[in-house]
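Visitor: The primary structure of each chain is shown beneath.
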Amino acid sequence: TQLLEQSPQFLSIQEGENLTVYCNSSSVFSSLQWYRQEPGEGPVLLVTVVTGGEVKKLKRLTFQFGDARKDSSLHITAAQPGDTGLYLCAGFTTSGTYKYIFGTGTRLKVLA
Amino acid sequence: NAGVTQTPKFRVLKTGQSMTLLCAQDMNHEYMYWYRQDPGMGLRLIHYSVGEGTTAKGEVPDGYNVSRLKKQNFLLGLESAAPSQTSVYFCASSYALRTEAFFGQGTRLTVV
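Protein chains in written order, with this note's numbering: chain A, -19 to 92; chain B, 3 to 114.
Mixed in with the good hints there might be a few duds.
What the hints assert, rightly or not - With a straight-line Cα cutoff of 25 Å, these simulated SDA-like cross-link-like pairs (lysine to any residue) come out:
(1) A/K37 <-> B/S96
(2) A/K36 <-> B/R100
(3) B/K73 <-> B/S20
(4) A/K36 <-> A/S53
(5) B/K59 <-> A/L25
(6) A/K50 <-> B/G42
(7) B/K73 <-> A/V24
(8) A/K36 <-> B/L99
(9) B/K11 <-> A/L66
(10) A/K89 <-> B/D40
(11) B/K11 <-> A/V24
(12) B/K59 <-> A/T84
(13) B/K59 <-> A/F72
(14) A/K39 <-> A/L(-1)
(15) A/K37 <-> A/K89
(16) B/K72 <-> B/S20
(17) B/K11 <-> A/P19
(18) A/K50 <-> B/R46
(19) A/K37 <-> A/Q60
(20) B/K72 <-> B/V90
Rather than coming from a laboratory, the hints here were simulated on the basis of the structure.
Can you make the complete structure from the sequences, with help from the hints?
Guide: See below:
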């Protein structure tokens, strides 16, 4: 059972456009992380959000954690070809056993 | 900085063959993980270790074994490879349970 669903699965946009990627779950997470993965490489951490409602900015990327800590979003302003990659959300569930779950991923392609 | 190093990077196996994937980290991290990545599935945890000499099952452990004889190394074994184990395998490590995970570059395994 996939606990973290990302949408859209694929996104192809022109340079300069804005976009939002969503990460949704029916479970509560104690924290959520966003990674970017480039072809032939492992995921690299972009940000961690911990508090419900928290907003973090990383240059043109804005990350938000839902108030109920069940969802998160990644917004990119004025996308650039360098933003191309696979974006993954991941989080720790609040259940008693260790469970770190990755989302299904959003593959972004930004065309010059 | 080496970080997390995986060997080999590519491998083709015949059904029924065995092999071992090696992961080495030079960051003195206690926690190490093995994931597999399949299209549309995100990353799924196979096994993990919370310290030297310890291992635990993750989300998809069947068909795999692991060992953590030294703190810096985490080995993933396939005793009898099956086509369903065709995937990209990633090793990761972290300082503590809920801190940033650092990933290796991955091993692309094909079982024919």
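Visitor: Is B/K72 within 25 Å of B/S20, Cα to Cα?
Guide: 22 Å, holds
Visitor: Between the alpha carbons of A/K50 and B/R46, is the straight-line distance 25 Å or under?
Guide: Holds, at about 19 Å.
Visitor: Taking 25 Å as the top limit, are the C-alpha atoms of B/K73 and B/S20 close enough?
Guide: Within the cut-off at roughly 24 Å; holds.
Visitor: Assess, step by step, whether the Cα of B/K59 is no farther than 25 Å from the Cα of A/F72, and give holds or violated.
Guide: 16 Å, holds
Visitor: Measure nothing beyond the straight line between the CA atoms of B/K11 and A/P19; if it is 25 Å or shorter, mark the hint as holding.
Guide: OK: B/K11 and A/P19 at ~13 Å, within 25 Å.
Visitor: Hey, A/K37 versus A/Q60, does the alpha-carbon distance stay inside 25 Å?
Guide: 17 Å, holds
Visitor: If you draw a straight line from the CA of A/K37 to the CA of A/K89, is it 25 Å or shorter?
Guide: 21 Å, holds
Visitor: Can you confirm whether the C-alpha distance between A/K50 and B/G42 stays at or below 25 Å?
Guide: 21 Å, holds
Visitor: Measure nothing beyond the straight line between the CA atoms of A/K39 and A/L(-1); if it is 25 Å or shorter, mark the hint as holding.
Guide: Holds. A/K39 to A/L(-1) sits at ~14 Å (cutoff 25 Å).
Visitor: Given the hinted pair B/K72 and B/V90, is their alpha-carbon gap at most 25 Å?
Guide: 24 Å, holds
Visitor: Is the Cα-Cα distance between A/K37 and B/S96 25 Å or less?
Guide: 24 Å, holds
Visitor: Is it true that the CA of B/K11 sits at most 25 Å from the CA of A/V24?
Guide: Judged against 25 Å, a Cα distance of about 18 Å means the pair holds.
In summary, the structure agrees with every hint in the numbered list given earlier.
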